[in-house]
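The primary structure of each chain is shown beneath.
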Amino acid sequence: DVKVTQSSRYLVKRTGEKVFLECVQDMDHENMFWYRQDPGLGLRLIYFSYDVKMKEKGDIPEGYSVSREKKERFSLILESASTNQTSMYLCASSPWTVPEAFFGQGTRLTVV
Amino acid sequence: GQQLNQSPQSMFIQEGEDVSMNCTSSSIFNTWLWYKQDPGEGPVLLIALYKAGELTSNGRLTAQFGITRKDSFLNISASIPSDVGIYFCAGQQIQGAQKLVFGQGTRLTINP
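Protein chains in written order, with the working numbering: chain C, 131 to 242; chain G, 5 to 116.
In short, the hints are calculated from the structure, not lab data.
Misleading hints may appear alongside valid ones.
As the list claims (entries may be wrong) - Derived contacts from chain G toward chain C, CB cut-off under 10 Å, selection only:
1. Q7
2. L8
3. S11
4. P12
5. P47
6. K103
7. V105
8. Q108
9. L112
Where is the CB? At the ideal position from N, CA and C, for every residue including glycine.
Whole structure, please, built from the sequences with the hints as guidance.
The following block contains the structure:
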């Protein structure tokens, strides 16, 4: 069974903290993605990676960075968390050959 | 970044009714995908469409890739309580580009 696993289901962080969201996939997929989901806005792409150490900005990269040191792992970093980054964060992966993305269960982040 | 126009935003129906939702864009898409998200979970792929005009079924679900390549439809027949959730359309714009563009979602509520 294919799996994308996010390290936390729920997180509460303070404003100004550095936050790490981790994602691991076991499908040997080349592509990995980080989205945020807010009511009425759907899924918006923050960053994606098509190979180890490669990354590209999505539609809303400001305030975020990413790291992909190993093929199976893609980390999202909030350098200095702010309250407007309170959201549901979804990690996904897909193979190089087709765009069908598999999603993790999501991390609901609250910044107070 | 571009988003797809998905409608309706929400639906309240009786159990047993049929459901229709659609996604439109001003741009051409090469692939259309439909996802379902259960409360508190990540989206799960329901149907993938790769050819203009293609009509594909998955149980009670039927989806079509519009002939103009600018729209897609999802129908659910004889709805049941477990159909409750948020349905997202997603499209791939450029062949070989692995990014997906998502609609805002349709929230389906079913009255038993």
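Status of the hints after comparison with the structure:
| no. | hint | verdict |
| --- | --- | --- |
| 1 | Q7 | holds (6 Å) |
| 2 | L8 | holds (8 Å) |
| 3 | S11 | violated (12 Å) |
| 4 | P12 | violated (13 Å) |
| 5 | P47 | holds (5 Å) |
| 6 | K103 | holds (6 Å) |
| 7 | V105 | holds (8 Å) |
| 8 | Q108 | holds (4 Å) |
| 9 | L112 | violated (15 Å) |
In summary, the numbered hints that this structure violates are 3, 4 and 9.
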